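Student: Protein sequences, first through last, are from chains A and B. My numbering runs 7 ahead of the 1-based position in the first sequence. My numbering runs 805 ahead of the 1-based position in the second sequence.
Read the hints as simulated data drawn from the structure, not as lab findings. Quick caveat, the model's predicted, so the values are computed rather than measured. Glycine included, each C-beta is placed from N, C-alpha and C at the ideal position. Careful: at least some of the hints might be erroneous.
[Claimed, not checked] Each computed EDC-like pair below joins lysine to aspartate or glutamate, with the alpha-carbon atoms no more than 20 Å apart:
id	chain 1	residue 1	chain 2	residue 2
1	A	K209	A	D231
2	A	K187	B	E1164
3	B	K1007	A	D229
4	A	K109	B	D1029
5	B	K1007	A	E366
6	A	K382	B	E983
7	B	K1221	A	E92
8	A	K209	B	E1164
9	A	K96	B	D877
10	A	K93	B	E1118
11	A	K444	B	D1184
12	B	K985	A	E366
13	B	K1221	A	D231
14	B	K1242	A	E46
15	B	K907	A	E366
16	B	K1221	A	E366
17	A	K382	B	D964
18	A	K209	B	D901
19	A	K109	B	E1164
20	B	K907	A	D231
21	A	K90	B	D1184
22	A	K93	B	E983
23	A	K109	B	D1027
[To be verified] Partial list, derived from the structure: chain A residues whose beta carbon lies under 8 Å from chain B:
id	residue
24	P162
25	C230
26	K444
27	I448
Listed below are the residues making up each chain.
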Amino acid sequence: MDPYADTLRRLREAFSTGRTRPAEFRAAQLKGLRRFLQENQQLLQEALAQDLHKSTFEAEVSEIRISESEIDLALRNLRSWMKDEKVPKNLATQLDSAFIRKEPFGLVLIIAPWNYPVNLTLVPLVGALAAGNCVVLKPSEFSRSTEKVLAEVLPRYLDQSCFAVVLGGPQETGQLLEHKFDYIFFTGSPRVGRIVMAAAAKHLTPVTLELGGKNPCYVDDDCDPQTVANRVAFFRYFNSGQTCVAPDYVLCSPDTQERLLPALQSAITRFYGDDPQSCPSLGRIISDKHFQRLRGLLGCGRVAIGGQSDESERYIAPTVLVDVQETEPVMQEEIFGPILPIMNVRSLDEAIDFINRREKPLALYAFSNSNQVVKRVLAQTSSGGFCGNDGFMHMTLASLPFGGVGASGMGSYHGKFSFDTFSHHRACLLRHPGLEKIYSIRYPPYSPRNLRMLLVAMEGRSCSCTLL
Amino acid sequence: MDPYADTLQRLREAFSTGRTRPAEFRAAQLKGLRRFLEENKQLLQEALAQDLHKSVFEAEVSELIICQNEVDLALQKLHTWMKDEYVAKNLVLSLDSAFIRKEPLGLVLVIAPWNYPVHLILVPLVGALAAGNCVVLKPSELSKGTEKVLAEVLPRYLDQSCFAVVLGGPQETGQLLEHKFDHIFFTGSPRVGRIVMAAAAKHLTPVTLELGGKNPCYVDDDCDPQTVANRVAFFRYFNSGQTCVAPDYVLCSPDTQERLLPALQSAITRFYGDDPQSCPSLGRIISDKHFQRLRGLLGCGRVAIGGQSDESERYIAPTVLVDVQETEPVMQEEIFGPILPIMNVRSLDEAIDFINRREKPLALYAFSNSNQVVTQMLDRTSSGIFGGNQGFTHLSLPSLPLGGVGNSGMGRYHGKFSFDTFSHHRASVLSPSGLEKLHEFLYPPYTHLRQQLIGWALGSHSCTLL
């Protein structure tokens, strides 16, 4: 029995009536979404605390505020994003109307993960709604409390003929993916990303895949260790390390490692106190399975800082590992926890080679007082996003496209990029129904003279402006 | 034995040395491509004549000049397109440098079809080279004359450490697709598009799929039949109908059909003479298989104009069919030949419903004297591209993105869109290494006030250029 067929059919029929097309409808949906966040702030904070022991600060800053900000941006810019975009013309098309029309795809599916279950579900939703689509949301079953709020409370704020939340685990998601969608937006692991893309291929459904990887963090000899330690620690242990763009491992010389270790200890103590387990700012691991996985990683290399864990709370202490081998599990899989291994390299070149031998990560970080060094790392590597001398602040800027490359993903979103992701850009050329004499030069029988005239008319240089 | 492994490894190694990154290298490649087109014009025209009986006019206008224009545009714009793109910042990042860095993806594969075998391989190639990638080209084995020129002559004009042409049929292409590429650009049928995307999924390779479909051509009662007939006939029979964006079938009322038929006959005679088979302007069908397929379609409905065929030349006359049923093959598969079926509808609404019941096409055309009608058709349907009162002139305008939607494809190219297709847009932020005090307000432990301030600062926008 197919639990989704009816829902999907209903949504498709709603889409075909055209009701999601007008700006007023889309704005109403976005306003509904904003009211959902405003009126359920406490409920969401409680759910996030329950799922991930997320502090109100982290919930505010990395989940609720970011989502609200995206909604506001979309509401402010909706009409300008929706507008037909006129394009430069050449002589042959001078009398035509040439523009790009933005259209919704139709029925889109958003599959969200558990680590930022509000942000990573709602920010894509903003784009999908602004672009005029009907939307199916599939929140993660691991972040149960947030899943509940999204399934039971959110729909009340949106037009339910054009929106649905569906629940389930891997098996149900597989069933869902057998259906045809007009776009699939997936955030999760590369392994599942392949499965999603393969399913999409059957229906020729375009996809955005926000995946992951091991995000390298190069720390140069020329740096202030405490500043670097503060920044790396903050971004590593935020949400207890369960962040797709967190620094995954450090690359530095043995000397720098010596200077970094006490600085990292100092930062950790400053942020989380002498007993991090009792600090309200520190999160917990999402599930027993991930907890066990991470506890296993604590056996790699040597624990330099932290290393404690408490199964009853799914707590893992902010940890730094040293003397790790490239072949050990902690350097093979994406860590996604509060564990930071340090790998030694003898030079910048060696660091760059190390990075380039591996899959392209979602994020890449380089810390150095030298602009040159930072720019070299940027120029000689590739990654979804890059930050010099800081962590994943780039994520907070809606004017930057957020997305991966290679194994870390394809497509991007945030701000206008979200709107564009969920829109088809339709090239339109409207010609006058008359003036047939002018257009006759292209008709057979072909003559060299007509050909010459046509070639001139088609020339790029005849573009009235070079805005392109 | 894997015939491609060595070539691909060589190209990957070349890419990792960074040699395709500098603008000078890319410009040199593009200039090489331009010289290839200039110095081999006749050779290419002969190949196209051999493969498709393409006239010099069509070869120029729909293949060579389009490629030239794209190369010239890329050369002109290369530095602009390559530049870091600075973006609007919020308060928290106001002291940082925030920009989008354009990067090549690495090793890209371009698989091209046979109908515009120069255009549809070289225009993607322009984008791939301009974006700094190493490129593998797989031209179609069906357009043999052109395939030969691309395989034997083109490489001499490019840096062969970063570029290769590989040959083969479906089996070899399947083998090629088992390898990992950093982008695959495919032009062809939806059926093969699925296969390409499924292969790409194994390696998480992004794809651009330029596919096809049946492109509807709505003709309103309020129109001048001769003008419409001229335009529809021109775009339908160009390249003997073997064009992914050609009008595939007409939707109109029985009355309009009555007015259109003599006008279509008139246009056909004007364009191709009384004996189109002897007219040098008219192309031929690419292969026996496609010829047989098209000849089969001539049995659908009733032949109103044309209908002749000649197997020895793979010639099919410019044909118009009427009284066709939706269930007949000519209304089920993409025609890709010089056959134009006319389906009757009683109103604009019925035409729109008919169109929307079917897969989204690559192109959609509406002919009417009324702006309202054209606008309605545009507003209530979807397609890769849309033409009002005209055919596929879009292809000559690089400022318009060419791409499909739904079954007709994903992604787009031409002009800057090509460059962007083959680039990774890397969000980059450069923060000052000091000024730690400013960062401190982000760190735990938190006060309520600090929390509020941070939330506000993150949501602020110093300008709304977006």
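Student: Would the hint linking K109 (chain A) and E1164 (chain B) be met if the CA-CA limit is 20 Å?
Tutor: 19 Å, holds
Student: Would you mind confirming whether the straight-line C-alpha gap from K96 (chain A) to D877 (chain B) stays at or under 20 Å?
Tutor: It holds: about 16 Å lies between the C-alpha atoms, which stays within 20 Å.
Student: Straight-line Cα separation of K907 (chain B) and E366 (chain A) no greater than 20 Å?
Tutor: At roughly 19 Å apart (the allowed maximum being 20 Å), E366 (chain A) and K907 (chain B) satisfy the hint.
Student: Are K209 (chain A) and D231 (chain A) close enough, with their CA atoms no more than 20 Å apart?
Tutor: 52 Å, violated
Student: Please work out if K1221 (chain B) and E366 (chain A) have their alpha carbons no farther apart than 20 Å.
Tutor: 28 Å, violated
Student: What's the verdict on K1221 (chain B) and D231 (chain A), does the C-alpha distance respect the 20 Å limit or exceed it?
Tutor: 42 Å, violated
Student: For a C-alpha distance cap of 20 Å, please report whether K382 (chain A) and E983 (chain B) respect it.
Tutor: 35 Å, violated
Student: Regarding the pair K907 (chain B) and D231 (chain A), is the alpha-carbon distance no greater than 20 Å?
Tutor: Violated: K907 (chain B) and D231 (chain A) sit about 30 Å apart, past 20 Å.
Student: Keeping to a limit of 20 Å between CA atoms, is the pair of K109 (chain A) and D1029 (chain B) held or broken?
Tutor: 30 Å, violated
Student: Do the alpha carbons of K93 (chain A) and E983 (chain B) lie within 20 Å of each other, as the hint requires?
Tutor: 41 Å, violated
Student: Taken at face value, is the distance from the CA of D229 (chain A) to the CA of K1007 (chain B) at most 20 Å?
Tutor: 41 Å, violated
Student: Holds or violated: K209 (chain A) with D901 (chain B), Cα cutoff 20 Å?
Tutor: 44 Å, violated
Violated hints, in rising order: 1, 3, 4, 6, 10, 11, 13, 14, 16, 17, 18, 20, 22, 23, 24, 26 and 27; the structure is consistent with all others.
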